[in-house]
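Now for the letters of each chain:
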Amino acid sequence: MAWQNPNCIVHAMQSIRRTAQLRTFLQTPNVSPLRTNPTSILSQQRKHVRGYATETLTEVPAAPELTLEDFQKMPARVVPVSPAYFSGSPKFIDHLLKLENILAKWAALPTVPSTEAPRMAWFKLTQFRDFVGESVPTKKYKNLVKILQRLNRIDPKLMPGEVRKTLTQFLRPGNPYANKPTPATVDEMGRSRGKGKRKTSSAVVHLVEGEGEVMVNGKTLIEAFPRLHDRESATWPLRCTSRLDKYNVWASVRGGGVTGQAEATTLALARALLVHEPGLKPVLRKAGVITVDARRVERKKPGHVKARKMPTWVKR
Amino acid sequence: MVFILGVNFPERNLVQKSLQSFFGIGGVSSSRLLARFHIHPTCKVGELANKQVLDLTAALSDMKIENDLRRQYLDDIKRLKETGTYRGRRHALGLPVRGQRTRTQIKTAVKLNRMERRL
Amino acid sequence: MVSSFCWSCLTRLRSTPRAVLPPAVTAPRTALFHTSTARYAMPTKKSKSMEGPAKYRQAKSAKMKKKKPVDKVRPPPVGERKALRKRIVLSNPNALEVEGMQDISAETMVDARLRGSVLGLPVPMLTQLRAVEAFKPTQGWSIFRRPGTVVRRETLELGRLIDGISGDGQDKGKAVKKIVTGVRGSGKTVHLLQAMSMAFTKQWVVVTVPEPQDLVTAHTAYAPLSDETPHLYVQNHATAALLSRTVNANAQVLKDLKVSQEHPALKSAVKAGMTLEELARLGIQDPAIAWAVFQALWAELSATSAAPGFEKSFKPRPPMLVTVDGLSHWMKNSEYRTAEFEPIHSHDLVLVQHFLSLLKPGVGKSALPNGGLLLYSTSASNNPTIYSFEVALKQVTARNTGLSPSAAEFPQPDQYRGPDKRVLDVFDSPKPTNPKEGMLELQTLGGLTRDESRGFMEYFARSGLLREQINDEWVGEKWSLAGGGVIGELEKLGRRLRTIN
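Protein chains in written order, with UniProt numbering: chain A, 1 to 316; chain B, 1 to 119; chain C, 1 to 501.
Treat the hints loosely; a few may be bogus.
Straight line, CA to CA, 35 Å or less: simulated DSBU-like cross-link-like pairs of lysine-lysine [stated by the list, open to error]: (1) C:K68 to B:K17; (2) C:K492 to A:K246; (3) C:K65 to B:K107; (4) C:K136 to A:K219; (5) C:K492 to A:K199; (6) C:K82 to B:K44; (7) B:K44 to C:K136; (8) C:K82 to B:K51; (9) C:K332 to B:K44.
Since the hints were made in silico from the structure, they are not lab data.
All chains should be built: construct the whole structure from the sequences, respecting the hints.
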């Protein structure tokens with residue numbers, strides 16, 4: 001219906017012409033669109049066309065003659081260097097195979113228990129992935145580390161240079177086990193110091209040799225801990241080693257409630273006692289007083305009634 | 001049984017509690033009355049000396065309590081009404097007098113406020 | 001998701017009518033700004049019997065259920081429940097008899113070898129001790145076969161002191177004043193009990209205030225003392241109770257003593273040749289004159305010689321032991337009110353004033369002219385915290401070390417904490433001029449030593465309450481757990497271990 005209108009025909013023609021101009025404009029991206037006008041575009045086009053029209057071309061040289069001997073020498077396909085090339089993680093598998101070979105070679109050497117083997121900081125998983133540049137699955141890397149540990153357990157006196165060199169490849173840069181904390185000592189006044197935390201309480205205990213006096217925050221034990229259970233748990237490290245009458249305790253506890261304070265004192269006291277008598281460690285470990293209880297109150301989350309509890313579900 | 005101002009009180013009752021049974025005597029004025037005659041707050045009616053009973057009765061009879069006080073209440077309300085005040089009108093309508101909201105919670109006013117106020 | 005644009009004609013579709021859309025989520029029941037989580041479930045409605053559909057073949061009517069008539073039990077008679085609460089059981093027939101336990105006597109109370117052992121209280125003395133209310137219901141007398149107390153360092157000192165005062169040595173007739181303090185459970189009340197038992201063995205007169213709180217909580221009758229002294233108040237019933245305690249406990253001693261003075265306040269009642277017991281009984285029978293009788297009795301007991309005309313029946317008066325257990329209740333306003341409804345300070349009650357005035361050195365003669373011991377203890381439980389009292393006790397210690405009140409180190413109250421001057425004045429006693437009168441001292445009871453604790457725990461074991469091997473290590477452990485041998489805590493430990501086996 002619109003075509004009946006003569007104006008419409010004019011419009012249609014104009015629009016077609018515009019699109020033609022636009023098309024050429026789009027084909028010449030080098031020219032800045034701001035300076036374009038239809039004449040320049042047309043002239044450029046003409047130049048271009050002239051270039052294609054040249055007939056003067058140099059002659060193409062003929063291919064050299066085929067020699068069938070070369071075909072004999074080269075294999076039918078290109079063989080990769082590593083047999084694991086098509087496995088997806090070739091470098092990793094190379095390392096693994098190498099280690100396994102070494103292990104097989106030196107398996108007969110005597111080993112030491114793992115506690116006595118030198119501590120080595122192997123690559124962490126992400127570091128190892130960066131090292132080989134492949135995405136190594138966690139479990140496979142664990143197995144590799146197992147082999148490393150086994151190799152590390154070879155008696156250090158008998159360890160071959162080859163093994164040592166291979167193992168150093170897998171070490172993290174830097175030695176995290178080099179900077180050890182200085183062992184706590186009894187100071188010149190005969191005090192040892194221990195810190196402990198439990199729940200939100202933290203305690204510092206100064207332990208001196210004495211005759212069994214216990215002060216907590218400058219108060220006596222019964223004033224600080226009216227409940228007998230708290231008193232017992234606070235002094236438990238001394239009690240379970242039957243040294244309650246051989247040391248004087250000066251504790252300062254901050255934060256938290258009574259139970260937390262008492263059990264923070266326990267931990268601090270045990271650590272302070274270890275400074276005086278390191279040999280008590282197995283006993284204290286067994287009594288459970290140097291085990292840190294890292295549990296804390298879980299935070300409340302938005303949308304929950306408590307940390308985990310959800311509001312009661314309702315249909316509408 | 002002890003008579004205080006013509007009312008008979010059992011001996012095991014507290015003096016303070018017994019005094020508060022009079023209209024117009026509450027916690028404060030009963031405590032003050034006790035202090036005035038050196039009666040300790042946990043005293044029982046039976047422990048009162050005769051003189052203290054007489055003193056109490058005399059002091060009570062001087063005070064405006066019971067019917068006198070009731071009559072004064074009613075007179076005051078009547079006066080408010082007769083002078084045509086807003087408060088008097090509210091009393092008569094059985095609505096709260098002191099500018100409380102009336103949308104809810106006016107049961108007490110409905111129950112008590114009237115020309116012959118119930119006391 | 002379907003876009004609301006029609007891609008063929010690039011026109012906007014008509015938006016979906018609202019009614020077709022699912023209704024928006026119902027508004028939350030909490031305000032939007034609230035951070036606490038909404039509890040979406042409706043609160044459960046209380047089930048009413050009338051609501052809900054009728055059950056099959058169940059009658060449904062508006063009839064109210066009749067309440068079952070509650071059996072009205074008569075409340076127990078007046079005073080029975082209190083008597084039960086205050087009951088003191090001194091013996092437990094299930095406990096073992098401790099063999100070889102000695103009693104407190106004139107010999108054992110000064111025997112240093114007995115330190116750390118438990119001395120029993122002589123059975124005939126128990127009625128006397130009960131009369132002066134020396135036992136408290138919270139103490140664990142009821143777990144042993146018979147009551148006994150451990151001899152600690154302070155007990156031996158006390159024994160020597162009491163022995164010296166009643167003996168013929170240089171300490172004869174000396175008046176010693178002590179305030180006993182200490183942490184909770186350190187044995188202050190038992191220390192007073194030991195003093196009483198020693199005083200009874202030495203035939204002293206024992207006057208006690210076992211519950212000072214009772215005098216100031218406005219639970220007994222009070223009245224103005226007289227018209228001349230309108231600010232002083234007398235508590236007749238409390239005074240009568242004090243007299244009754246004193247008479248019951250000291251009947252033997254008081255029967256031997258005769259009246260030696262004129263008593264103008266009691267002119268008709270007192271007759272010459274009356275014993276002091278009869279004199280005191282006057283006050284018990286008629287509380288109206290109790291205060292006058294008490295004053296008369298006190299004057300008689302503190303008389304050093306007879307008034308003219310009474311010489312022939314005069315006997316020298318025995319020393320006195322005065323104890324107050326829980327002093328700090330007396331250091332504040334009482335619950336009593338004046339006629340003007342102002343609070344009455346505790347020091348305005350004559351009975352309180354009398355006992356507190358003994359702390360001051362007597363004018364002319366000693367406060368206890370016949371010698372004796374003043375033992376006032378503080379309490380650590382049910383105890384008002386009174387700043388001026390704490391400062392006053394510090395001042396007492398400072399004075400004993402020889403500091404003069406004008407010295408810079410002398411503890412002064414902080415004026416901004418509103419110290420009570422009357423409290424400070426009570427303990428502000430200068431050095432007594434009378435050589436027979438001691439200065440006010442502060443004695444702080446701490447824990448037992450290890451040896452004493454061992455003796456105490458052995459007593460538990462021998463009574464069959466403990467089944468442990470009592471050795472030094474075990475005792476040392478308990479000693480530490482009890483905060484350095486605090487005897488109350490040791491007793492709890494000894495008792496608690498009974499259930500473990």
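Right, here's what the structure says about each hint:
1. Restraint check for K68 of chain C and K17 of chain B: satisfied, since their Cα atoms lie roughly 31 Å apart, inside the 35 Å limit.
2. For the hint pairing K492 of chain C with K246 of chain A, the CA-to-CA distance comes to about 24 Å; that is within 35 Å, so the pair holds.
3. Proposed proximity of K65 of chain C and K107 of chain B is supported: the alpha carbons are some 28 Å apart, at most 35 Å.
4. Straight-line distance between C-alpha atoms of K136 of chain C and K219 of chain A comes to about 27 Å, which keeps the hinted pair within the 35 Å bound.
5. For the hint linking K492 of chain C to K199 of chain A, the alpha-carbon distance of about 29 Å falls within 35 Å, and the restraint holds.
6. Simply put, K82 of chain C and K44 of chain B have alpha-carbon atoms about 17 Å apart, close enough for the 35 Å limit, and the pair holds.
7. Between K44 of chain B and K136 of chain C the alpha-carbon distance is near 28 Å, which keeps this suggested pair within the 35 Å criterion.
8. For the proposed pair K82 of chain C and K51 of chain B, the alpha carbon gap of about 30 Å is at most 35 Å, so the pair holds.
9. With a CA separation close to 26 Å, the supplied pair K332 of chain C and K44 of chain B stays within the 35 Å bound.
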